[in-house]
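Using the sequences and the hints given, assemble the complete structure.
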Amino acid sequence: MGDTSLKPYILYLRQNKGFFYASLGIISHIIFVCGQISQNSWMATNVENPDVSTLKLTSVYIAIGIFSVFFLLFRSLAVVVLGVKTSRSLFSKLLNSLFRAPMSFYDSTPLGRILSRVSSDLSIVDLDIPFGFMFSVGAGINAYSNLGVLAIVTWQVLFVSVPMIVLAIRLQRYYLASSKELMRINGTTKSALANHLGESIAGAITIRAFQEEDRFFEKNLELVDKNAGPYFYNFAATEWLIQRLETMSAAVLSFSALIMALLPQGTFSPGFVGMALSYGLSLNISFVFSIQNQCQLASQIISVERVHQYMDIPSEAAEIIEENRPAPDWPQVGRVDLKDLKIQTRYAPLVLHGITCSFHGGDKIGIVGRTGSGKTTLIGALFRLVEPTGGKIIIDSIDITTIGLHDLRSRLGIIPQDPTLFQGTIRYNLDPLGQFSDQQIWEVLGKCQLLEAVQEKE
Numbered sequence: 001m002g003d004t005s006l007k008p009y010i011l012y013l014r015q016n017k018g019f020f021y022a023s024l025g026i027i028s029h030i031i032f033v034c035g036q037i038s039q040n041s042w043m044a045t046n047v048e049n050p051d052v053s054t055l056k057l058t059s060v061y062i063a064i065g066i067f068s069v070f071f072l073l074f075r076s077l078a079v080v081v082l083g084v085k086t087s088r089s090l091f092s093k094l095l096n097s098l099f100r101a102p103m104s105f106y107d108s109t110p111l112g113r114i115l116s117r118v119s120s121d122l123s124i125v126d127l128d129i130p131f132g133f134m135f136s137v138g139a140g141i142n143a144y145s146n147l148g149v150l151a152i153v154t155w156q157v158l159f160v161s162v163p164m165i166v167l168a169i170r171l172q173r174y175y176l177a178s179s180k181e182l183m184r185i186n187g188t189t190k191s192a193l194a195n196h197l198g199e200s201i202a203g204a205i206t207i208r209a210f211q212e213e214d215r216f217f218e219k220n221l222e223l224v225d226k227n228a229g230p231y232f233y234n235f236a237a238t239e240w241l242i243q244r245l246e247t248m249s250a251a252v253l254s255f256s257a258l259i260m261a262l263l264p265q266g267t268f269s270p271g272f273v274g275m276a277l278s279y280g281l282s283l284n285i286s287f288v289f290s291i292q293n294q295c296q297l298a299s300q301i302i303s304v305e306r307v308h309q310y311m312d313i314p315s316e317a318a319e320i321i322e323e324n325r326p327a328p329d330w331p332q333v334g335r336v337d338l339k340d341l342k343i344q345t346r347y348a349p350l351v352l353h354g355i356t357c358s359f360h361g362g363d364k365i366g367i368v369g370r371t372g373s374g375k376t377t378l379i380g381a382l383f384r385l386v387e388p389t390g391g392k393i394i395i396d397s398i399d400i401t402t403i404g405l406h407d408l409r410s411r412l413g414i415i416p417q418d419p420t421l422f423q424g425t426i427r428y429n430l431d432p433l434g435q436f437s438d439q440q441i442w443e444v445l446g447k448c449q450l451l452e453a454v455q456e457k458e
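Residues 1 to 458 (the working numbering) make up the sequence shown, in order.
Please note that the accuracy of each hint is not assured.
Computed cross-link-like contacts, DSSO-like style, restricted to lysine-lysine with a CA-CA straight-line distance of at most 27 Å [what the hints assert, rightly or not]:
{"id": "1", "residue 1": "Lys339", "residue 2": "Lys392"}
{"id": "2", "residue 1": "Lys392", "residue 2": "Lys342"}
{"id": "3", "residue 1": "Lys93", "residue 2": "Lys7"}
{"id": "4", "residue 1": "Lys339", "residue 2": "Lys375"}
{"id": "5", "residue 1": "Lys7", "residue 2": "Lys17"}
{"id": "6", "residue 1": "Lys392", "residue 2": "Lys375"}
{"id": "7", "residue 1": "Lys364", "residue 2": "Lys392"}
{"id": "8", "residue 1": "Lys457", "residue 2": "Lys364"}
{"id": "9", "residue 1": "Lys7", "residue 2": "Lys85"}
{"id": "10", "residue 1": "Lys17", "residue 2": "Lys93"}
{"id": "11", "residue 1": "Lys375", "residue 2": "Lys342"}
{"id": "12", "residue 1": "Lys342", "residue 2": "Lys364"}
{"id": "13", "residue 1": "Lys364", "residue 2": "Lys375"}
{"id": "14", "residue 1": "Lys375", "residue 2": "Lys457"}
{"id": "15", "residue 1": "Lys339", "residue 2": "Lys364"}
{"id": "16", "residue 1": "Lys447", "residue 2": "Lys457"}
Source of the hints: derived by calculation from the structure; they are not laboratory data.
Since we're looking at a predicted model, the values are computed, not measured.
This is how it looks when you write it as structure tokens:
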């Protein structure tokens, strides 16, 4: 339970040369760590060497430091480029998938679930994962390099450190099984919270009219508590892991110090022994930091998994089919022929059972029926919001399923049941694509008897 395997990592790094930039960052960090070890080794071995002058000692030390800093900056640049390119690629694919999704997807998917993907999950992909990836890799390299330096001076420490590493890996897996599930639960509860908040804002007038503010407020607090619970438990689990890792690191350091104290005098120079002890002291921090960052990354990579779920939504038909485009003045007459039309929504029974009829051009037709009889479904079929399961819809001798969605929907008009005003000017709401002149818009407002009402607002 909670195992994400390597699939989300590979999916993340496959975006826009991610493997290349990640490799550059890792190689740069390895060179930086090697530079640090070389710098400290130079100082430790030559600090008491009378043949090396103070000027030469400090000059070489500073030169190695400047060389190492250059690769550290290059690593940071590679991480930034990795984050920008992969995030942009994932966002573009997610946006295209959502914009091309059929209406049935939005009918069956809660709004809060979609908002959670495009807000909190994408925020983690943008900011947390690229730096978390490099920090976890870098901290791992630091920890094992510290252990390597310690083992060079006191190889006996391997008898303690190797079992400790195995135990740490087992602890990490034990912790991750719970941590990943807690992160998944946190994402699910956050979707429910966002969905409830969106519905409350949309229905605020109705809620106030029935004086149900307290009930919705209590429901919101309940959802906040449910969302905060997994986060708190994840924090407690992290502290549980850190306590055990620090205990193991302290045991390794204590054993190393004991072995160094028992070494025969003159085995290593005092400077080299001091360097080994300093690396042993930093082993505690680097070891805990490494495991902690790896666990955080494993929890954060779930956001890539959640975003990817909405990147493979079955899309609508093509917007334009070049080899089968209607004439510019289509439809001229407006005749609509339904031939044995059958429509089924998802896995439910048929809504329209083989309708066959014709509407002549210019006629005013009224379609009546009880709730759920398929009136809205028929209108949706004309715009291909739902695709026919069987039969045909022919408008002016053209089967609408053979042309692109843009060519079809741009030639039809509809007045929705619920009026909607988008944020912006009246002109933007009337002509969002900017296809008509101001004079034409004023003429339309006059024909709708809204001219005076709009002029009063100026």
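Hint by hint, here is what the structure shows:
1. Lys339 / Lys392: holds, 5 Å
2. Lys392 / Lys342: holds, 9 Å
3. Lys93 / Lys7: Holds, at roughly 17 Å.
4. Lys339 / Lys375: Holds. Lysine 339 to lysine 375 sits at ~17 Å (cutoff 27 Å).
5. Lys7 / Lys17: Given that 27 Å is the threshold and the Cα spacing comes to 17 Å, the pair holds.
6. Lys392 / Lys375: holds, 17 Å
7. Lys364 / Lys392: Cα-Cα ~21 Å, so holds.
8. Lys457 / Lys364: Violated, at about 35 Å.
9. Lys7 / Lys85: holds, 19 Å
10. Lys17 / Lys93: holds, 15 Å
11. Lys375 / Lys342: holds, 13 Å
12. Lys342 / Lys364: Since the Cα atoms of lysine 342 and lysine 364 sit roughly 23 Å apart, the hinted pair holds (cutoff 27 Å).
13. Lys364 / Lys375: holds, 16 Å
14. Lys375 / Lys457: violated, 37 Å
15. Lys339 / Lys364: Status holds; Cα separation ~20 Å.
16. Lys447 / Lys457: Holds, because 18 Å separates the two Cα atoms, which is no more than 27 Å.
Hints 8, 14, counting from the list given before, are not met by this structure.
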